[in-house]
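Starting from the known structure of chain A, arrange chain B on it as the hints suggest.
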Amino acid sequence: MDLTYTEEERDFRARLREWLGKTLPELPARPSPDDWPGRRAYDLGWQRRLHDAGYAGLHWPVDAGGRGATPTQHLIFLEETERAGAPYVGANFVGLLHAGPTIAAEGTAEQRARWLPPVLRGDEVWCQGFSEPGAGSDLASLRTRAVRDGDAYVVTGSKIWTSHAEVADWCELLVRTDPQAPRHRGISWLALPMDAPGITVRPLRTLAGSAEFAEVFLDEVRVPVANRVGAENDGWRVTMVTLSFERGTAFVGEVVACRRTLTRLARTAQANGRWDDPVLRRTLGRLHGEFGALWRLTQWNVSEAQRSGGIPGTGGSVFKLAYSHARQELYDVAAEVLGADSLSLEEEWTLDRLSSLSYTIAAGTSQIQRNIVAERILGLPKGR
Amino acid sequence: MSAVDFRLTQDQRDLRAGVRDLLAGRYGREALRASVEADGALDRDLWRELGAAGLFALRLAESGGGVGLGLPEAVLVFEEAGRALLPGPLVATHLAAGTVPGAAEGTAVVTAFDLDGPLVAHLGDADAVLGADPLPAGTPVRSADPLTPLWRAEAAGGAGVEAYREEGALLTAALQVGSALRTVELAVRYAGEREQFGQPIGAFQAVKHLCADMLVRAEVARTAVYAAAVTADGAEIAAAKLLADGAAVRGARDCLQVHGGMGFTWEADVHLHLKRAWVRARQWRTAAGAEELLAERLLEEAVAG
Chain A
1 MDLTYTEEER
11 DFRARLREWL
21 GKTLPELPAR
31 PSPDDWPGRR
41 AYDLGWQRRL
51 HDAGYAGLHW
61 PVDAGGRGAT
71 PTQHLIFLEE
81 TERAGAPYVG
91 ANFVGLLHAG
101 PTIAAEGTAE
111 QRARWLPPVL
121 RGDEVWCQGF
131 SEPGAGSDLA
141 SLRTRAVRDG
151 DAYVVTGSKI
161 WTSHAEVADW
171 CELLVRTDPQ
181 APRHRGISWL
191 ALPMDAPGIT
201 VRPLRTLAGS
211 AEFAEVFLDE
221 VRVPVANRVG
231 AENDGWRVTM
241 VTLSFERGTA
251 FVGEVVACRR
261 TLTRLARTAQ
271 ANGRWDDPVL
281 RRTLGRLHGE
291 FGALWRLTQW
301 NVSEAQRSGG
311 IPGTGGSVFK
321 LAYSHARQEL
331 YDVAAEVLGA
341 DSLSLEEEWT
351 LDRLSSLSYT
361 IAAGTSQIQR
371 NIVAERILGL
381 PKGR
Chain B
385 MSAVDFRLTQ
395 DQRDLRAGVR
405 DLLAGRYGRE
415 ALRASVEADG
425 ALDRDLWREL
435 GAAGLFALRL
445 AESGGGVGLG
455 LPEAVLVFEE
465 AGRALLPGPL
475 VATHLAAGTV
485 PGAAEGTAVV
495 TAFDLDGPLV
505 AHLGDADAVL
515 GADPLPAGTP
525 VRSADPLTPL
535 WRAEAAGGAG
545 VEAYREEGAL
555 LTAALQVGSA
565 LRTVELAVRY
575 AGEREQFGQP
585 IGAFQAVKHL
595 CADMLVRAEV
605 ARTAVYAAAV
615 TADGAEIAAA
625 KLLADGAAVR
635 GARDCLQVHG
645 GMGFTWEADV
655 HLHLKRAWVR
665 ARQWRTAAGA
675 EELLAERLLE
685 EAVAG
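The listed protein sequences correspond, in order, to chains A and B. In terms of the numbering used here, the first sequence opens at residue 1 and continues consecutively. In terms of the numbering used here, the second sequence opens at residue 385 and continues consecutively.
Simulated from the structure, these hints should not be mistaken for lab results. Watch out, some of these pointers could steer you wrong.
[As the list claims (entries may be wrong)] Covered by chain B, per the in silico footprint, the following chain A stretches (three or more residues, Cβ under 8 Å): (1) 261-275; (2) 282-294; (3) 364-371.
[Stated by the list, open to error] Ranges between beta-carbon positions, derived for each pair: (4) A:A181 <-> B:M646: 42 to 48 Å; (5) B:E684 <-> A:H325: 25 to 31 Å; (6) A:R83 <-> B:T523: 55 to 61 Å; (7) B:A590 <-> A:V225: 33 to 39 Å; (8) B:A445 <-> A:E7: 24 to 30 Å; (9) A:E18 <-> B:E684: 23 to 29 Å; (10) B:G582 <-> A:R83: 52 to 58 Å; (11) B:A543 <-> A:R264: 57 to 63 Å; (12) B:W662 <-> A:R264: 34 to 40 Å.
[Said to hold, decoys possible] Just a sample of chain B residues kept apart from chain A, beta carbon distances all over 10 Å, derived: (13) R391; (14) L406; (15) A418; (16) R432; (17) G435; (18) V451; (19) E489; (20) T532; (21) E551; (22) H593; (23) L626.
For every residue, glycine included, the Cβ atom is placed at its ideal position computed from N, Cα and C.
Chain B on its own, in the form it takes in the complex:
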């Protein structure tokens, strides 16, 4: 008997596994740390490979040279990108596919004014800014996230992003979910290895409960992101972004705490998750914006009875 089946189809599971394998091979820990050493400068070869793998053209029709898949598949792919801490304006370039020449193939790097102001990520590497023509001039800003170089544009061109806000928020939420789930894994692994007082610290309930709460937040956010990808409803997308931002930021904070002193070092990857989660939380839809949107929707439902 057929029924509502929220679970992933076999094709969707295969897609996710394929992307995970691709990123593990092409963007493992060495590549990640090389990006950090390069101050977040983009690897254009990698960008083209991502294009060839269909990351940007995923939702373009097959007749237009795309992969012909939908938002549910896109969030699975972006979840994997978030897990791997893959750098670059992935969401903006994906959204530009079919509009900006070269975006679908990964021969162009497209960023966006998605930070609600004149700050824009990866402007130095960008060939275009979504919805802003020509490419604006700007000055570099020292970025809190070593993998997200920031520029201050001379004129903010925020108007061009409005049409993309919901899809941008949803795909960014998917990146956050991937990062959140990854920080759970990192925390659990470290808690199982690190011994103090003669036992793994993961045997202490104080540590265990941090990890359990991380998973709860990540799983609730993941379900919200998947559901929003299926319904494409504005309020569900806002909720997904809000929950995913919380899961990623708090997950990275708790992961850092589980790592103790090691978590405070440059050497550990934890800070890379936290700093990127901070960036993504400011992109496309902030917590304040999401909560106000949800409140507005709640009131509409209340009045409608």
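Next comes chain A alone, as it looks inside the complex:
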């Protein structure tokens, strides 16, 4: 059990901190949340700066264009960028955390050369076409069909919960290529060019009032067979590589952000007198302890990943269950700190409270995560 950083890691942190201190003031003003082209340009601009400074694809393998950094260095990167208030990964999320790692792991040399450098340089945006109206938690029941026609697949169906679809260049798409096969064995993974004829994107307004997601309708869209990553009908396995990335590293920056939010809550509560309420104060104290422990759990999972070659294991489900619950409680407590002002959408924490409602649903509902923990970690029998 060692929580001390090596000299190399401390150097890495110091250089990064210096670079962030110099670079962040040079960034343009942030675009408004509903300005999609503006958001794309801003997020890609940030990625370009990271690339030019040598921080793009930090944790990607060197032969995929990455820096081959250790999970600990990646953790330091996420911690420091969040602490400095750097831009979020934003429109680069799918490219850097889903599609990119999948192509790096499963793509041919040609595919890697075509798709990975533009992600790292901040030239191209990816979105994700996995979920369907009829395939949420039960993703393997997806029905979007791809029928082979010469050197192309003809794809028809619909996808939902697709972030950044309006401004994406590519979509990592799961399609059914063999309707007769057992459901996990008839799925393929395709790179869909978002400018292909037959694609309709419709924004999906969430309860937070904004259109963070979209529905994507596909009507006989032709996708070259060369855009398939992995073997035909092997897309489920290819996808699982991607999803484990999502659960392993996606929330690191957010835990740092939550800890910062807690200190701001304490300051606000002290200023408005609610700190004197022992129930509220003790709840804030408990959350301070819980988020501290979640940070340690992140370090634990990263240490485990370091051993297993960078692919996080089922520990991600344990983390996500604890974190998503704690995050929702954090913003419920924020409402107690604000009092009646928590009903105003002018308050940043009110919007955060609304978006926190998705955390126990997105990327595997808490119920699905509990099934995973119970069946894969504890070995309890599957129900029938």
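Positioned in the frame of chain A, the structure of chain B alone reads:
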């Protein structure tokens, strides 16, 4: 390339396995139930064996006859003791090693005023009370936990425990984590064996999800305890105790629920975990105390910016 490595070293894993084997052989289920029959009276032979195995002298320097290990090793050992429901004032005697003669070797039993008042555990078996001299007089109290005999001392000597509060809280948290992880195992085993409606009850999601939540709480608490053992930071120790108390108490409650009617019997071990978890939750640092300490620390960080 070297890096932050939170995982256990091979030596630490060996230590944990060694203690687990020792306790499985020396304090298995029969010994546990014999302790219950004896109303929690301590087995002095076992106490000396624990001393000989180094449980109390673990953190004393080798030059002073100790094992020369640190808090990270100590929490692993205490986690195993908690898993086995090993009875006695383990934490107080460990903390007294090097100060109270015989504590390090296990020839003395040392308890402490760690319950924030005049109640003190195992006073009848004790040779000394940590930080209180002479041994106070007291009258026995019927204890909720059959393995923790309680006494009401005539005068509370709480002042003597203050210097030991943080280490006491951390090691007690480690005991709680061991108990919490054990109740997960007991619940999972029972849920896999017990059949109703033609299938193991563990195949029902309502039962499965109870078990999954038990594991989540236990794993978060375990990580907090390990981290606090490495940093020895007061706020991290308070958080570790708070989370471990919750994991142990709620874990035992859920384990009891999974056991159904059997869980309500004297015969099942579940109630022993629950009652001991209740005792430990009152020792060294209560939830209220931990939350206030953490709140205070949060405010300090907030003001410091």
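_Whether R391 (chain B) stays farther than 10 Å from all C-beta atoms of chain A, as the label says_ = The claim is violated: R391 (chain B) sits with its nearest Cβ about 5 Å from chain A, within 10 Å.
*For G582 (chain B) and R83 (chain A), compare the CB-CB distance with the range 52 to 58 Å and indicate the outcome.*
About 55 Å separates the Cβ atoms of G582 (chain B) and R83 (chain A), which means 52 to 58 Å holds.
*Interface exclusion of T532 (chain B) relative to chain A, criterion Cβ beyond 10 Å*: The claim holds: T532 (chain B) sits with its nearest Cβ about 26 Å from chain A, beyond 10 Å.
_Supplied distance hint 42 to 48 Å, evaluated on CB atoms of A181 (chain A) and M646 (chain B)_ = Hint holds: Cβ distance 45 Å, inside 42 to 48 Å.
*Run the C-beta distances from V451 (chain B) to all of chain A and say if the shortest one exceeds 10 Å.*
Consistent with the label, V451 (chain B) stays out of reach of chain A, its closest Cβ about 17 Å off (over 10 Å).
*Indicate whether the distance between the beta carbons of W662 (chain B) and R264 (chain A) respects the range 34 to 40 Å.*
36 Å, holds
_Whether chain B covers the segment 261-275 of chain A (at least 3 residues having a Cβ closer than 8 Å to its Cβ atoms)_ = holds (count 7)
*asked:* A range of 23 to 29 Å was offered for this pair. Does it hold for the Cβ distance of E18 (chain A) and E684 (chain B)?
replied: Distance hint for E18 (chain A), E684 (chain B) holds at roughly 27 Å.
*Taking the CB of A445 (chain B) and the CB of E7 (chain A), does the distance hold inside 24 to 30 Å?*
29 Å, holds
*Status of the given 33 to 39 Å range, CB of V225 (chain A) versus CB of A590 (chain B)*: Roughly 46 Å apart at Cβ, these two residues miss the hinted range, so it is violated.
_Beyond 10 Å from each Cβ of chain A, as asserted for H593 (chain B)_ = 4 Å, violated
*Do R83 (chain A) and T523 (chain B) keep their Cβ atoms within the hinted range of 55 to 61 Å?*
56 Å, holds
When each numbered hint is compared with the structure, violations occur for hints 7, 11, 13, 22, 23.
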